[in-house]
Each structure stands twice: as structure tokens, then as C-alpha cells.
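K.L.:
What follows is the residue order along each chain.
Protein chains: 2
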Amino acid sequence: MKALEVLHDILAWDVNKECCLLMLMNMKHVMNSQLSFLGCANTCMLLASSPVFRRQQFLIRSLGGGIHHHTHSANMQDLRSVEADAESIIQAITPALDPSRHKGQAGKIAVIGGCREYTGAPYFAAISALKIGADLSHVFCTKDAAPVIKSYSPELIVHPVLEESYSVREEDRKVISSKVLAEVDKWMERFDCLVIGPGLGRDPFLLDCVSEIMRHARQSNIPIVIDGDGLFLITDNLDLVSGYALAVLTPNVNEYKRLVQKVLSSEVNDVGASQQLLSLAKKIGNVTILKKGKSDLISDGDTVKSVSIYGSPRRCGGQGDILSGSVAVFLSWARQHISAADSNSNLSCKNPAVLGCIAGSAMMRKAASLAFSNKKRSTVTGDIIGCLGKSLEDICPANS
Amino acid sequence: MKALEVLHDILAWDVNKECCLLMLMNMKHVMNSQLSFLGCANTCMLLASSPVFRRQQFLIRSLGGGIHHHTHSANMQDLRSVEADAESIIQAITPALDPSRHKGQAGKIAVIGGCREYTGAPYFAAISALKIGADLSHVFCTKDAAPVIKSYSPELIVHPVLEESYSVREEDRKVISSKVLAEVDKWMERFDCLVIGPGLGRDPFLLDCVSEIMRHARQSNIPIVIDGDGLFLITDNLDLVSGYALAVLTPNVNEYKRLVQKVLSSEVNDVGASQQLLSLAKKIGNVTILKKGKSDLISDGDTVKSVSIYGSPRRCGGQGDILSGSVAVFLSWARQHISAADSNSNLSCKNPAVLGCIAGSAMMRKAASLAFSNKKRSTVTGDIIGCLGKSLEDICPANS
Chain A
2 MKALEVLHDI LAWDVNKECC LLMLMNMKHV MNSQLSFLGC ANTCMLLASS
52 PVFRRQQFLI RSLGGGIHHH THSANMQDLR SVEADAESII QAITPALDPS
102 RHKGQAGKIA VIGGCREYTG APYFAAISAL KIGADLSHVF CTKDAAPVIK
152 SYSPELIVHP VLEESYSVRE EDRKVISSKV LAEVDKWMER FDCLVIGPGL
202 GRDPFLLDCV SEIMRHARQS NIPIVIDGDG LFLITDNLDL VSGYALAVLT
252 PNVNEYKRLV QKVLSSEVND VGASQQLLSL AKKIGNVTIL KKGKSDLISD
302 GDTVKSVSIY GSPRRCGGQG DILSGSVAVF LSWARQHISA ADSNSNLSCK
352 NPAVLGCIAG SAMMRKAASL AFSNKKRSTV TGDIIGCLGK SLEDICPANS
Chain B
2 MKALEVLHDI LAWDVNKECC LLMLMNMKHV MNSQLSFLGC ANTCMLLASS
52 PVFRRQQFLI RSLGGGIHHH THSANMQDLR SVEADAESII QAITPALDPS
102 RHKGQAGKIA VIGGCREYTG APYFAAISAL KIGADLSHVF CTKDAAPVIK
152 SYSPELIVHP VLEESYSVRE EDRKVISSKV LAEVDKWMER FDCLVIGPGL
202 GRDPFLLDCV SEIMRHARQS NIPIVIDGDG LFLITDNLDL VSGYALAVLT
252 PNVNEYKRLV QKVLSSEVND VGASQQLLSL AKKIGNVTIL KKGKSDLISD
302 GDTVKSVSIY GSPRRCGGQG DILSGSVAVF LSWARQHISA ADSNSNLSCK
352 NPAVLGCIAG SAMMRKAASL AFSNKKRSTV TGDIIGCLGK SLEDICPANS
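Chains as they are written, first to last, in this note's numbering: chain A, 2 to 401; chain B, 2 to 401.
So here's chain A without its partners, still in its complex pose (with noise of 0.2 Å):
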């Protein structure tokens, strides 16, 4: 018990560190902003050695292990999420841009969406992943949306292979079902991560056919980010994530409510949130779930984790989109840096999804604020999707 107070006594220690933390964070964007003019990108790396910094650091990795601990020893409603050091953790993840690197090496991104209601969706997801830096972005939609999606961004590789229930009679639609199945399956082996959900829809037909693409990506160890309709399919088909640690969903307030009824047979515990989202994560056999919400919270059913950088208080439609294809890159980079880097990677988290959902939910807050701050009221997710950039180059500046 003793032990379990002095945890305590620096858990609630730490979350003032984190109030310090974000200040000196705050402090260190307005310098680097200024200093940038001055071609001084080495600021981040004078304060990211200061003592307070490097404490607070030391802080977060002892807490990772310790509570996990308290997680099964203790009162469950005790567990609280950590503060992520989202900062920190994209700029190990994001790859060195290196002239010596071909195509495709920062990632090859698809999103399955788009049909002949949503075409939006699909654009947002792919075109996010482009400018947060992968070198590829496809979207695999119906045959309706492709063009409009193509009208977009001629930067998108659209692919009209999808079918809806209305242009495909009854005895067809076994044939045309492994037809589609055949055209994805061409190029999954090349996909760093897909997108499913953004703009899908829910006809059957169509459902069944993205199914069957999600059993395929998951015997090819594609990581797979859920939104939207997408979470709409799983919620009553689970086995198709079970178990599947490089699946993320991305559930909003009604998807996440959803989900717990399913699953977890309750309704939504605002008090006892983190425990709720761990077990939950838990319950579908450790899929990472990103909680949307003024704090986003994120568990893979191990640990909790939160972000909560103030973002925008816009809620325009298709920040989501934004999200998922911010998430599918970072994943992708995080899984490689893991993949690549020694038993020295000083992160204390080792899954690619947890963390690619930490970088991806920081850069869109990030983005949100800024687009926010020059449009106020009338911001519109194309806006967001300017300002990626800007926020990617402020945490992690290119190096050249």
C-alpha cells in the first residue's frame, strides 16, 4: 500500500510537470517560430537537454511500467491516462529525408472509401497522408466516385473497383465480388498501411466485399486504421480485428458508444474513461483504439495514453478523415523505425499503432490550431490539411 501511495504522490506530481511541460513547449514553438527566420533550427535540441526536460522525461518512462502495475493491483478507477510526449515521440518516429531514398520508401498509403454518396471523405484521408510526407497516396472507391475524387487532387492514384448493391444483380454477385477482391489484391502487398472507412457507406454488398479486404490485408500484416463506416462494419463483425494488433480504430463519440455496447454489453463511463477504453481494447484481443474527444485517449489494452494539445473548437465534418490518414503514416514510420532501430530507441512504447495514434492525433490538433487561429469561425478542413505541413516542420524540422 505504501508503495502504491508514493505512485500516487508522483502521479499527481507528474501531471503538474505536465502543465510545465506544455508551457516550456509552448514557449519553445513561439522561439522556434521566430528563430527559424534566423536559420537557427537547433533550438528544439538546447531545450530538449535541459534538466527540467530530461526529468520529465525520466518521469513519463518510469511511469509507463508503473501504471500497468497499479492497473491490476489497485482500484481500477484509479488508472489514468499519461500525457503523451507526442513531440518527442514523432520526432523519432518521422524518417530523415535522405536524397539517396527512391519513391515509395516514405510510404505507400490506400484508403478504401468512397461511394456514390461520399465523395469528400476518401480525399481528406488520402491527401492527408501526401502531406504529412508519404510519397504515395491511393483510394480504392466505386465506380461513380472515382472520377470526382480524381477532379480533386490530380496527386491521388484513384482506383474505380468498388461495387454498390444497386449496379450488381443477385447471380453476379459472386463473380463480381472476387473481381473486386482480384483488383485490390494486385497492389496490397505494396501498401505500407490502408485506411478503411472514410466515405464508404453501408451498402451490404459493398461491406461484404471490404470484409473480405481486411481478412487479405491481415494475412499480408498490413496495418489497418478504422474509421467511419468501417467501424460501422466491425462493431458487428469483430472477428474481422480480433486480435490483430496492427488494427486502430478511431471511434468518435457515437462509434466509441457503439463499440462499448457491443462489446463491453455498458454504456459509456465518463469518470472511469481510460479503464473503460483499456478494457475495451482488451475485450477485441488488443487492437489500439484512439478514443476522439477533447482529449484524445489511446490504449492498445496494456497502457493509456492522452493527448490533449489544444486543437480547434471548430467541429467541421472531415477532421476525421484528417486523423485516419495521419495516423495510417505515422504508423507506417513508426512501425519502420522499430523495425529499424537498436535496443537504444530511447521510446518507452514499442507499439507502432499506439504510437503512430499519439503522432497522428498531435499533428491534426496541431494543424487545427493553426488553420483555426488564421480562419477562426469559417475554417474548413481543406484549411486543416494546409496547415500539416507547417505543423510537421515546427516539430520536426527538415533537415536541409
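Read the hints as simulated data drawn from the structure, not as lab findings. Mixed in with the good hints, there may be bad ones.
Intra- or inter-copy, both count: the list cannot distinguish identical chains.
Computed cross-link-like contacts, DSSO-like style, restricted to lysine-lysine with a CA-CA straight-line distance of at most 27 Å [what the hints assert, rightly or not]:
(1) K283 x K293
(2) K187 x K295
(3) K376 x K391
(4) K180 x K293
(5) K104 x K376
(6) K187 x K104
(7) K104 x K293
(8) K104 x K263
(9) K391 x K377
(10) K295 x K180
(11) K144 x K187
(12) K283 x K180
(13) K295 x K376
(14) K104 x K391
(15) K180 x K258
(16) K295 x K104
(17) K284 x K351
(18) K104 x K258
(19) K144 x K180
(20) K284 x K175
(21) K377 x K151
(22) K258 x K377
(23) K258 x K295
(24) K104 x K377
Once you've looked at the hints, dock chain B against the given chain A.
P.N.:
Chain B only, in chain A's frame:
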């Protein structure tokens, strides 16, 4: 033998000089960046007239022939590429802007590419040609792709004439094939250069039609720049380009590998890269090959030049399309320049295909560098296209 040793020494000395030149160029670049704020675009000219710079240029010119002899008479492994003086070449071949000239005289380019799957690539190639300074830019693509490519820009003339297998019945193939060819032939004689391949896809029927288009272009002595799926086509049908001096191939790492395997029955050799490229170009009957890489290497089977101007570490898809469109314009200009210039033209190289490649490569790199300095990791192909005009203006200011 004595003469060869002297040549060798000059070559070694020249490599050191190259380093100095690169440093000088970097210095110049930095000064340019700063001075551009002061509206002073003439710094280039000042530096270009410095004695060191002029001596360097003299040496490069002198070595133009020397290297060639060296290749054939001495150890093949010793061949090194000579860094091309790209800026002088661009200045020499870019036509003067003369109010008495009329529409079309600065170049009419056609891109053959764009199918159901790909629409961005042909757009990037065609719009780049216009942004470099061509007067007219056409795209010949499939019926599906045309409305999308048209929607990217009203500046392009887009012909929906190509057909893919899925929309052609077996028994109609012959009729449709000759119809496609007739449609392209109507325009053929007007073009100064074709770009074949961006977003072409690999449909067998479509590629058969394109093979015929290439044969007709060749009969009409129209230069052809071949990239992407066009390279896939010619690698299996080398007769299409073999011995055609106005053919340019622009392979990336993977496309080059396939070419080397097919033509030289060997693997890519990084140490003797210049020699292998020279052999490859010679073996395909002195076509010009632009091997894309950290430095671009260019050979027509007689000489090897390199372009190492610093570009960008971003490897977003679509940059190859900018290059192919740019090479097409510069090749046309070089051809005009050579046929118009009196014997006093001080360009050591007289092959318009090589000159076009050097100019296109340098322009692409400068634009990429400029775009990257603005957009960093979020740089996409459209950003680079937006910098083509400024890059050309920096090297070769419009005279009005």
C-alpha cells in the same frame, strides 16, 4: 599512352574543380535566395563571368571529346560522367521571346497517356510542358480519363481517343485500332515532341495501339520521350526505339534494372554506372537514356553527362512526369537551336536529345529544390510545377 596519362590527370584535376564548382553553385544559390528579396536577379551573371567559373567551363568543354576517346581506348572501368554545364545549355537553347513569333513556335507537345486508373501523371507531364514555355500541350488518353484530365486544367487540349480491352470486343479490335491511329495521325505532324507513357497503364490492346503511334511518330521524325508504362512497353519491344536517335528513355531505378537485364543480360552495376549506361544506350542503337537517381546520368552511347544540382529529398509520386514533360520541351528547343545556329554555336554537344535531358533534369531539380524550401515534407508534385517558371527565370531571364 603519354597523351592518355595527361588526359587522366586533367580528369582527376577536374573532379576537384567540380567540387569547387558545386561549392560555388551552393554559395551562389544561397546568395540568390537572399538577393531575390532585393529583386536582384543578375547575381548569376556576375558569378558566371568569374575567371574560375570560365576556366571550369573551358575544361568541361575540352573534356567533352577527351572522355570519349578515353572510353574506347582505355580501361572501361575508368569512364566517369562529366557534370554538364546545364545552365549554359538552358541559356543557349531557350528561344528568345520575340513579339513577332506566333502561337506554336515555342513548341507543341503531346502526351500519350491517361487511362481509367491514372489521370494525374499525364496531367503533370502536359502542364509542365506549358509551364516551361511550350505554346500548346495536348493529351491523348482513354475516354474515361479525358473528363478528369480536362477538369484539372482548361489549359490542356485533351483527346479522348484511346481504348482499353474491357471496352472493346475481340472482333472490333482491328477497326477500333485503326480508328485510334487515324485520330492521332490527324495531329501528328504538328507536334514537336511526344511524351509516351505517363499514366498509360498496361492494357494489352491499348499498348498495341500505342506501339503503332510510336511507329508513325518515328516515320515522321518526331522526337519521343518515353517514361513509366511506355518503358514497360519498349523493354519488351525494343525494335520500337532501336536505332532511333530522337528517342529518349527516362527510367527510374526499377525501370532501369529491367532494361539492363533485358538488353545487357546483366545486373545493374553501381560502380561502373557510367560505362554500363553508355553500353546500354549504344546497344539500343544510340537512343538517349536519362537514368534518374541521386545524380541523373545521361548517355546517347557516345558520351555520358551527369546532372547533380541539388534537388529535393522528397520522393512523392509524379516528379518523373514533370521531368518527361520538361525534357520534351527542351529537346524541341535544342533541335530548333541546332538547326538554326550557325557553326559558331559554342555547345560542345550537338545531340538535341542529350541537351534536352540535361536541361530538363536541371530544371526539374531546381524547381524541386525551390518547392522543398517552401513546403518541406508536405511538398507535392503540384508545388514543384508551380516553381518551374521561377526556376527558368532564374537561369534564363525573359528579355522584356
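K.L.:
Tell me, in ascending order, the numbers of any earlier hints that this structure violates.
P.N.:
Hint check: 2, 4, 10, 12, 15, 20 and 22 fail, others pass.
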